[in-house]
Amino acid sequence: QKEVEQNSGPLSVPEGAIASLNCTYSDRGSQSFFWYRQYSGKSPELIMFIYSNGDKEDGRFTAQLNKASQYVSLLIRDSQPSDSATYLCAVSTGNQFYFGTGTSLTVIP
Amino acid sequence: ETGVTQTPRHLVMGMTNKKSLKCEQHLGHNAMYWYKQSAKKPLELMFVYNFKEQTENNSVPSRFSPECPNSSHLFLHLHTLQPEDSALYLCASSQERASSGQETQYFGPGTRLLVL
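Keeping their order, the protein sequence lines are chains A and B. Our numbering puts the first residue of the first sequence at -1, with every later residue one more than the last. Our numbering puts the first residue of the second sequence at 18, with every later residue one more than the last.
If you're looking for bench data, these hints aren't it; they were derived computationally from the structure. Fair warning: there could be bad hints in the mix.
What the hints assert, rightly or not - The calculated DSBU-like cross-link candidates involving lysine-lysine, where the alpha carbons are at most 35 Å apart (straight line), are:
no.	chain 1	residue 1	chain 2	residue 2
1	A	Lys54	B	Lys69
2	B	Lys53	A	Lys40
3	A	Lys0	B	Lys35
4	B	Lys53	A	Lys54
5	A	Lys0	B	Lys69
6	B	Lys39	B	Lys58
7	A	Lys0	B	Lys39
8	B	Lys58	A	Lys65
9	B	Lys35	B	Lys69
10	A	Lys65	B	Lys53
11	A	Lys40	A	Lys54
12	B	Lys36	B	Lys58
13	B	Lys36	B	Lys53
14	A	Lys54	B	Lys58
15	B	Lys35	A	Lys40
16	A	Lys65	B	Lys57
17	A	Lys40	B	Lys36
18	A	Lys0	B	Lys36
19	A	Lys40	B	Lys57
20	A	Lys40	B	Lys58
21	B	Lys35	B	Lys53
22	B	Lys69	A	Lys40
23	A	Lys0	B	Lys57
24	A	Lys65	B	Lys69
25	B	Lys57	A	Lys54
26	A	Lys0	B	Lys58
27	B	Lys53	B	Lys39
28	B	Lys58	B	Lys69
29	A	Lys0	B	Lys53
30	B	Lys39	A	Lys40
As the list claims (entries may be wrong) - Derived list of chain B stretches under chain A, where covered just means 3 residues or more per stretch with a C-beta under 8 Å from a C-beta of chain A:
no.	stretch
31	59 to 68
32	122 to 130
Note that the Cβ used here is the ideal one computed from N, Cα and C, for glycine as well.
Same shape as in the complex, but just chain B:
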């Protein structure tokens, strides 16, 4: 099993739909992350979970709702999205969200989201 998996790989949804993205890591890590990657823009960190506790929410709109039931699984629940939310959503994990900064993040393959 590869280190970090994400499902689905592609998703098309309407603005009134509710969907969820799933991420699973098989690396024994304790920190998990959601990123948004849009064309020509830097990776945008959305949420961070460290030992199942949300430690960062970088001013993400409430139409994105994360859930981390355990250290291996991370979800991103989507509802009433806008077309500008279309992007590649990447999940990553690291050993922990170390205060020393010496965390190395490993990425999943991403979910390509299109909002119509």
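This is chain A alone, in the form it adopts within the complex:
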């Protein structure tokens, strides 16, 4: 079983819609959760991190964490073509840091 699993996509949404990206993890001891965005040919850049159950909002982005169900999601409201990228979920157990394979998102103008 992979430590962090994401649907590789591609996920396509029309401009202005809500994009929903999901991630599940296997280690119940995981403590910190991160979403990175990676444009083609570029390095990952941090979008958000979340530590506590519930929602965390930052502009058009909302991270949702449910530790009981071991999933973390990222919602992107009012999606823009510039949001087209691969989104990487990362999970830290305190001792280990794991990345998912990423979900490719395309926002269609």
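Once you've looked at the hints, dock chain B against the given chain A.
Here is chain B on its own, set in the frame of chain A:
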């Protein structure tokens, strides 16, 4: 100066060559990381340095040799690589390798390596 820089950005080397990748962070962080990113695979953590001490080596072949002379600089020395080592090598840094897990990592632009 941007937060985390890496040189070179692109590198082509033969299997018998020796080369080094350099990473420098200007964020005042104490932890630095080397990752390998291959197509269609998750980021693979290779090495972790926390306060200049190597704390993790995730079963990386000995043809990859890290060096961390201080908290701002990290090197990855390469020798007798294989074609399957061709990948994007990313350096990252964080405030520290906190046991609480509350470290946020910031990535450099990466070195695109091709081994012929």
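Going down the list of hints, with the structure as the test:
A distance of roughly 34 Å separates the Cα atoms of Lys54(A) and Lys69(B); the hinted pair therefore holds under the 35 Å criterion. A hinted pair counts as satisfied when its Cα atoms are at most 35 Å apart, and Lys53(B) with Lys40(A) qualifies at roughly 14 Å. Restraint check for Lys0(A) and Lys35(B): satisfied, since their Cα atoms lie roughly 34 Å apart, inside the 35 Å limit. Between Lys53(B) and Lys54(A) the CA atoms are separated by roughly 30 Å; this keeps the pair inside 35 Å, and the hint holds.
The suggested pairing of Lys0(A) with Lys69(B) holds, with an alpha-carbon distance near 30 Å, which does not exceed 35 Å. At most 35 Å may separate the alpha-carbon atoms for a hinted pair to count; Lys39(B) and Lys58(B) meet this at roughly 23 Å. About 31 Å separates the Cα atoms of Lys0(A) and Lys39(B), which keeps this hinted pair within 35 Å; it holds. For a cut-off of 35 Å, the pair hint linking Lys58(B) to Lys65(A) stands: about 25 Å separates their Cα positions.
At roughly 23 Å between alpha-carbon atoms, Lys35(B) and Lys69(B) fall within 35 Å of each other, so this suggested pair holds. Distance hint between Lys65(A) and Lys53(B) is fulfilled; the C-alpha atoms sit about 28 Å from each other, no more than 35 Å. With a C-alpha separation of about 26 Å, the suggested pair Lys40(A) and Lys54(A) falls inside the 35 Å cut-off, and the hint holds. Between Lys36(B) and Lys58(B) the alpha-carbon distance is near 24 Å, which keeps this suggested pair within the 35 Å criterion.
Note on Lys36(B) and Lys53(B): the hinted pairing holds, with a Cα-Cα distance of about 16 Å set against a maximum of 35 Å. Between the alpha carbons of Lys54(A) and Lys58(B) the distance comes to roughly 28 Å, so the proposed pair stays at or under 35 Å and holds. Taking the CA atoms of Lys35(B) and Lys40(A), the gap is about 25 Å. The hint holds against a cut of 35 Å. A C-alpha spacing of about 27 Å is found between Lys65(A) and Lys57(B), which places the hinted pair at or below 35 Å, so the restraint holds.
Our distance criterion of 35 Å between C-alpha atoms is met by Lys40(A) and Lys36(B), whose separation comes to about 22 Å. Of the pairs offered as hints, the one joining Lys0(A) and Lys36(B) holds, with about 33 Å between alpha carbons and a cut-off of 35 Å not exceeded. Note on Lys40(A) and Lys57(B): the hinted pairing holds, with a Cα-Cα distance of about 15 Å set against a maximum of 35 Å. In summary, the hint linking Lys40(A) to Lys58(B) is supported, as the alpha carbons are separated by about 16 Å, within the 35 Å threshold.
For the given pair, Lys35(B) sits about 18 Å from Lys53(B) by alpha-carbon distance, which is consistent with the 35 Å threshold. Of the pairs offered as hints, the one joining Lys69(B) and Lys40(A) holds, with about 27 Å between alpha carbons and a cut-off of 35 Å not exceeded. This hinted pair checks out: Lys0(A) and Lys57(B) have alpha carbons roughly 14 Å apart, not beyond 35 Å. Using a Cα cut-off of 35 Å, the hinted pair Lys65(A) and Lys69(B) holds, with the two alpha carbons roughly 33 Å apart.
With a C-alpha separation of about 29 Å, the suggested pairing of Lys57(B) with Lys54(A) holds against the 35 Å cut-off. For the hint pairing Lys0(A) with Lys58(B), the CA-to-CA distance comes to about 11 Å; that is within 35 Å, so the pair holds. Straight-line distance between C-alpha atoms of Lys53(B) and Lys39(B) comes to about 14 Å, which keeps the hinted pair within the 35 Å bound. With a CA separation close to 28 Å, the supplied pair Lys58(B) and Lys69(B) stays within the 35 Å bound.
About 17 Å separates the Cα atoms of Lys0(A) and Lys53(B), which keeps this hinted pair within 35 Å; it holds. As the CA atoms of Lys39(B) and Lys40(A) are separated by approximately 17 Å, the hinted pair is consistent with the 35 Å bound. Under the rule that three or more residues need a Cβ within less than 8 Å of chain A, the assignment of the stretch 59 to 68 of chain B holds, with 3 such residues. For the stretch 122 to 130 of chain B, the proposed coverage by chain A is satisfied: 6 residues have a C-beta within less than 8 Å of a C-beta in that chain, meeting the threshold of three.
Consistency with the previously given hints is maintained throughout, with no hint failing.
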